[in-house]
Structure formats: structure tokens, C-alpha cells
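**Q** Protein chains in written order, with numbering that gives the first Met the number 0: chain A, 0 to 180; chain B, 0 to 284.
Check each hint, because a few of them may be wrong.
[What the hints assert, rightly or not] Here are the simulated DSSO-like pairs of lysine-lysine, each with C-alpha atoms no more than 27 Å apart in a straight line: (1) A:Lys-1 / B:Lys-64; (2) A:Lys-165 / B:Lys-252; (3) B:Lys-142 / B:Lys-119; (4) A:Lys-68 / B:Lys-232; (5) B:Lys-252 / A:Lys-14; (6) B:Lys-57 / A:Lys-38; (7) A:Lys-16 / B:Lys-57.
If you are wondering where the hints come from, they were derived from the structure by calculation, not from laboratory data.
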Amino acid sequence: MKDFSIISNLIFALKQKDEAAFSFLYDHYSAALYGIVFKIVNNENDANDVLQDVFVNIWKNIETYNEDKGGSLFTWMLNIARNKAIDIYRQKNRIAENQKEFQRVSISNESLYVHSIKVNTIGVNKLVDSIKPELKQLIDLHYYKGFTHQEIAEITNMPLGTVKTKIRTAMTQLKNVFGTS
Amino acid sequence: MNIAEYIASGILEQYVSGTASPQEMREVECMSHIYPEIKLELVEMQNALEALAISEAKTPPTFLKNVIFTALNELQNEDAAEISKEAIQDGNTGLRMELPPVEKEQLTATIFNRSDTYLKVAASILLLISVGLGVYSIATNSKLNSTRSELALARNEIKAKEQIIVARGEQIAVVSNLNFKPVLMKGIETKSPESAATIYWNTISQEVYISIASLPRPTDDKQYQLWAIADGKPVDLGMIDSKNIAESFQKMKAIGNAQAFAITLEKKGGVPQPTMTEMYVMGGV
Chain A
0 MKDFSIISNL
10 IFALKQKDEA
20 AFSFLYDHYS
30 AALYGIVFKI
40 VNNENDANDV
50 LQDVFVNIWK
60 NIETYNEDKG
70 GSLFTWMLNI
80 ARNKAIDIYR
90 QKNRIAENQK
100 EFQRVSISNE
110 SLYVHSIKVN
120 TIGVNKLVDS
130 IKPELKQLID
140 LHYYKGFTHQ
150 EIAEITNMPL
160 GTVKTKIRTA
170 MTQLKNVFGT
180 S
Chain B
0 MNIAEYIASG
10 ILEQYVSGTA
20 SPQEMREVEC
30 MSHIYPEIKL
40 ELVEMQNALE
50 ALAISEAKTP
60 PTFLKNVIFT
70 ALNELQNEDA
80 AEISKEAIQD
90 GNTGLRMELP
100 PVEKEQLTAT
110 IFNRSDTYLK
120 VAASILLLIS
130 VGLGVYSIAT
140 NSKLNSTRSE
150 LALARNEIKA
160 KEQIIVARGE
170 QIAVVSNLNF
180 KPVLMKGIET
190 KSPESAATIY
200 WNTISQEVYI
210 SIASLPRPTD
220 DKQYQLWAIA
230 DGKPVDLGMI
240 DSKNIAESFQ
250 KMKAIGNAQA
260 FAITLEKKGG
270 VPQPTMTEMY
280 VMGGV
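Just chain A, same shape as in the assembly:
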């Protein structure tokens, strides 16, 4: 059997509709995708439906995925997951509810935020916590929930330019936490 941890092997086998490859994909990525889907739909029933829909879509469309274009396999799957989750979760409530959530998080966690945490004393989860909660929220809103810069400006009541800068800063911090490739 091929080594599916080599991403190009995995992609090749997925395109052949190889069941073992899909099983590997599920075992390695379903939890990450499920986590993102859950953030959007916020209940188990819908999250289950969406995850099934996501894998059916991966199956049907994997031939159209082109590694050379610049988007990673994960980004491609994330796009499918995000779109499917947003379809289920009614569009009109998205902004209002995330507005409330953003205010809640940015007020309650602000005081707990500690900037300098040493890398070797704590695990990755704690490191993620070291990203300012507001910036972490912006990452969620933009990358995982798929809000545009404009929509985030509306949610957070910040000017568009500030939103762009903060999302950029958030990404830089995130890259520091997880190192480079």
C-alpha cells in the first residue's frame, strides 16, 4: 500500500477513488474539518449532516482539485466545509450572532491575555491561547467562518483598514506559533 502521508500519493489515490485513501483522509482530517463546521453550525446534528456532505463533495469533485494552483488540499477541503456549513446555517443570522459572540469574547478574555509565554514550557493549545483573543476571533471569522473583510468590519464595528491590518497581524502571530513549513 502507498504511503498516504506523502500528500501527492494521497491526492493521486483520491483521484482514483481509492477507498483506503478516503479512509486515510477521513481519519486524518475529519476532526479538523468537524471542528470548523461545528464553529459555524454550532450543533451536532447539523455538523454531522455537513460533514457527510463534505466528504460526498470531496469524492465527487476531487478530480477538479489541482495541487499546482497554490491552494493546499486542506484549504480546498476547508472551502467545501465552510460553504456547506454556511449553506445550512441561515445566512441572515450570521452577522448578528457573530456580532454578539465577538463582543462577548473580546470583553471577557481581554484581561486574561498574557503576551509573553515561553514556547518550551507549554503545549500548542496554550500557545494558541497566547494569541490575543480578539485576533484569534478575527482568524475564526475570516478563515474558518468565511466572512469578508467588509462583513467583519460590520461585525466588529471597526474600520475596514483596521480589520485588514489586524487580520494580517493575527496571521503573522499564528505563523510564529506554528513555525514555518
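Use these hints to put chain B onto chain A, whose structure you have.
**A** Just chain B now, with coordinates in the frame of chain A:
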């Protein structure tokens, strides 16, 4: 093209978050192929997001894998059914009916026992069907082939247009970047007074771009060569692409120090020293 500004513009974030328009997506893809720094940034961003998603993963209920793979198996069966249906319609498989030997004998006996009229009728029907399938298959194949080549043509056209868009985007980025200093090169009075071209020179990054306003079309064996004059000596800055020379915008070799720029017409591929009598335009910094 200022790469740092491009990265800071937020377009890569939009690409990764799926909020970019299809046009913007194509632009990012083009840019990441041209500039390794953009590609690297894109890869790092995606890796960081993947790592974050994994660190915040939520394991789905265990029964879900079975449900999903049952659905996928059904899809696979549908696919298989679809493929065999297509194969029959294609006419490539022909009609094959293998009967077990005993039944075959019985069948032959029965047919011969009646009259051979049945056999003749049956044979002509089979012949008609197979001719029909053959014709249908040829027609379908040629239609498929012409659709394929149309598609390939359209793809090439899109690719060529994308390249133009990227080049124009680069031109706008350079021209509007204040770090790029324009140096106007005017036509040499005795040689080609109508000719003109502009150098965009970034003295910090040392990048040099050339925009041709007007130069006579060179013959096939000749090519324009760009020179910088640094401390009285000519320095080769590369050959100018003869394709679409009238609206050409091209990146040339980098240089940190120059007092003037000039273009000469040389033999194809260039020469180590400029031919002074073949100088078309020149401009001082």
C-alpha cells in the same frame, strides 16, 4: 511590482479564506507562480491555518464514519453503473452474448428446426444494429474530439490573457511605485528621432523595467539591447523581447549604479559591447 505591498494588501488572506473573487483567485495563483516570496507566504499561511484547525479539532461521533462511507460506496456503485451504461452507448464494447455450450446447441437446433428465414432475418437485424452502432460511435467520437480541441484552444486563450493581465498588473505596480524613478530615453536625432522609451529604475532594490513607447520593428536577425552607462562604461542590461515591441513592458537585468541608459540595435542574442552607430534612444538619469 512591490511584493511586500502585495502581501500586505490582504489579498492572500482573501484567497485562503475563500472570500476572493474568481478573478482575484486567478491573479493570486499567477502571482504565486511568478514570485517565490508570494508562494512561500501562501504556503506558510495555509500550513499555519491547517495546524490551528488540527489543534482545535473536534472528533466526530464514531458512527459517522460508517454512515459516510456507506454513502460513498453507493456513489461508487452509481459511478460504476454509469460507466457501463456509457460503454454500451459508446458502441465500443459491441454486443456480446455468451451462452453456456448446452444452451447454445439447443438454441442452434431450435433455429435450424424452424426455417432458415428466421436466421436470415436475425442476421440482417444484427448487421443493421452493428452498422448503426458503428456510425453512431464515429459521429460521437469526432464530435468529442472537436469539443476537446475547442476546449484546449479556449484554455490557451485564457492563459494568454491571464499573462497579459499579470504583465499589466505588474506595469501598474511599478509605474505607481514611488521607489521606481522614471528615466526618459529620447530618440537619437541622427538615427531615429521618433523613437522613445522609459526606464523605471528602483535604486534601492536595483530593479530595472523598460516600457517602450516607440521603436522601429527590428528584422528577424536583429534585436534591441539595453545598456546602462555606469562611470563611463556600458553595462549590458539584457535583450528586449521583439514580440509586440510597440507596447512592450519588460523586466531587465538589475543595476545599482548608472548615469544613463541607452538602447542599441544588435544581432540577435546581443553583443558584449554596444555598436555606437546603432544607438536608437538614450537618456540621462
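**Q** Each of the hints needs a verdict: does it hold here or not?
**A** Status of the hints after comparison with the structure:
| no. | hint | result |
| --- | --- | --- |
| 1 | A:Lys-1 / B:Lys-64 | 22 Å, holds |
| 2 | A:Lys-165 / B:Lys-252 | 37 Å, violated |
| 3 | B:Lys-142 / B:Lys-119 | 35 Å, violated |
| 4 | A:Lys-68 / B:Lys-232 | 44 Å, violated |
| 5 | B:Lys-252 / A:Lys-14 | 43 Å, violated |
| 6 | B:Lys-57 / A:Lys-38 | 10 Å, holds |
| 7 | A:Lys-16 / B:Lys-57 | 26 Å, holds |
Hints 2, 3, 4, 5, counting from the list given before, are not met by this structure.
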